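Asker: Listed below are the residues making up each chain.
Number of protein chains: 2
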Amino acid sequence: MTSGLTVGEAAAKVGLSAHTLRWYEQEGLVAPVNRDGAGRRRYDSGDLNWLVLLTRLRTTGMSVRDMRRYAELARRGPHTVAERRRLFEEHKARVLERIADLQRDLEAINVKIEIYRQMEQEQQ
Amino acid sequence: MTSGLTVGEAAAKVGLSAHTLRWYEQEGLVAPVNRDGAGRRRYDSGDLNWLVLLTRLRTTGMSVRDMRRYAELARRGPHTVAERRRLFEEHKARVLERIADLQRDLEAINVKIEIYRQMEQEQQ
DNA sequence: GCTTGACTTCGAGTGCACTCGAAGGGGAAG
DNA sequence: CTTCCCCTTCGAGTGCACTCGAAGTCAAGC
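Going down the list, the sequences are from chains C and Z. Residues in the first sequence are numbered consecutively from 537, following my numbering. Residues in the second sequence are numbered consecutively from 537, following my numbering.
No lab work stands behind these hints, which were simulated from the structure alone. Don't take each hint at face value.
Pairs involving identical chains hold if they fit within one copy or between any two copies, as the list cannot separate such chains.
Heads up, simulated EDC-like pairs for lysine to aspartate or glutamate below, C-alpha to C-alpha not over 20 Å straight-line [to be verified]:
(1) K549 with E658
(2) K648 with D572
(3) K628 with D572
(4) K628 with E643
(5) K549 with D580
(6) K628 with E563
(7) K648 with E625
(8) K648 with E658
(9) K628 with D602
(10) K648 with D637
(11) K549 with E625
(12) K648 with E626
(13) K549 with E561
The structure presented is a predicted model; accordingly, all values stated were derived computationally and were not measured.
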C-alpha cells in the first residue's frame with residue numbers, strides 16, 4: 537500500500553527528467569520528498585502540484601535562484617505568505633511586460649511578412 | 537563628410553555592445569559594414585534598421601543560428617523573399633504560441649496571488 | 001603629444017540550467 | 001536469476017549567447 541509515484545513516474549508526469557527532479561530537490565527548489573521503506577522517493581499529489589507550479593514559473597522565465605527563494609519562503613511557513621504574494625506580483629509584472637514586448641515585436645514581424653508578400657506579388 | 541555612426545555610437549543606439557556588434561558581423565548576422573578612409577566601420581541607417589530588426593528577432597526568441605540563416609537569405613537577393621517570408625511566418629507562429637503559453641501560465645500565477653491574498657485576510 | 005576610440009585575431013571566461021556518466025549498491029517483479 | 005528501476009556522490013560536459021581581455025596597431029581631436 538505504498539502510495540505515490542516514483543521519480544521516473546513523476547518525471548514523466550511533469551515533463552522533467554528524473555535527474556532534474558533529484559537536482560531540483562538538491563538545489564532546494566523542492567522540499568525533501570517522502571521515501572518508501574526502501575528509501576525511494578514517493579511523490580504525492582502535493583509534490584506533483586508543487587512541481588507543476590515550478591514548471592509554470594520556469595516557463596514564464598523565473599530563474600532557479602528566484603524559485604529557490606520562493607521555495608524557502610514556502611517552507612518557512614504561513615507567516616511568509618505576504619512575501620510570497622509580493623514575489624508573485626513582481627513576477628507577474630515581468631511576465632506582463634514580456635507579453636507586451638512580444639506583442640510589440642510581433643507587429644514588426646507582421647509588417648515584414650506583409651512587405652515580403654507584396655514583393656512576391658510584384659515578382660510575378 | 538564621412539557619414540554614418542561608429543561602432544560605439546551604433547552600439548549605444550541599438551542597445552548592444554561594440555564587441556557584440558563586431559561579433560554579429562563576424563558571425564554573419566550582419567553583412568560587412570562599410571568602412572571610412574581609416575578602415576573604421578560606419579553604420580548607415582540601413583545597417584541600423586537591420587540591427588533593430590535583429591534585436592526584435594532576438595527578443596522574440598529567435599536563435600542566432602536562425603538569424604544567420606535569415607541574414608544569408610537576405611544577402612542572396614530578392615529571389616529568396618518567399619523563403620524569408622516562410623521563415624518569418626514560422627517564427628511568428630512560435631511567438632504566438634509563446635504568448636499563449638505565457639498567458640496561460642499567468643492565469644495560474646493570478647490564482648496563486650488570489651489565494652495568498654485570502655490567506656493574508658484570514659491571518660488578521 | 002596625449003588621450004580616446006577605433007582596428008585585428010584569438011582564446012578563454014561567464015552564467016544559466018541542466019544533463020550525463022561513472023561507480024557502486026539495494027530491492028522488487030517476472 | 002536476471003532485469004529494471006531506484007539510491008548515492010561527484011565531477012565533468014553541453015549549448016547558448018555573449019563577454020572579456022590581451023596584444024599590438026592606427027588615426028583623429030584637443
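Asker: So, for every hint listed, does it hold in this structure?
Answerer: Hint by hint, here is what the structure shows:
no.	hint	result
1	K549 with E658	neither (51 Å within a copy, 34 Å between copies)
2	K648 with D572	neither (58 Å within a copy, 31 Å between copies)
3	K628 with D572	neither (37 Å within a copy, 47 Å between copies)
4	K628 with E643	between (23 Å within a copy, 10 Å between copies)
5	K549 with D580	within (12 Å within a copy, 53 Å between copies)
6	K628 with E563	neither (24 Å within a copy, 35 Å between copies)
7	K648 with E625	between (35 Å within a copy, 10 Å between copies)
8	K648 with E658	within (15 Å within a copy, 53 Å between copies)
9	K628 with D602	within (13 Å within a copy, 30 Å between copies)
10	K648 with D637	within (17 Å within a copy, 24 Å between copies)
11	K549 with E625	neither (28 Å within a copy, 32 Å between copies)
12	K648 with E626	between (34 Å within a copy, 13 Å between copies)
13	K549 with E561	within (17 Å within a copy, 44 Å between copies)
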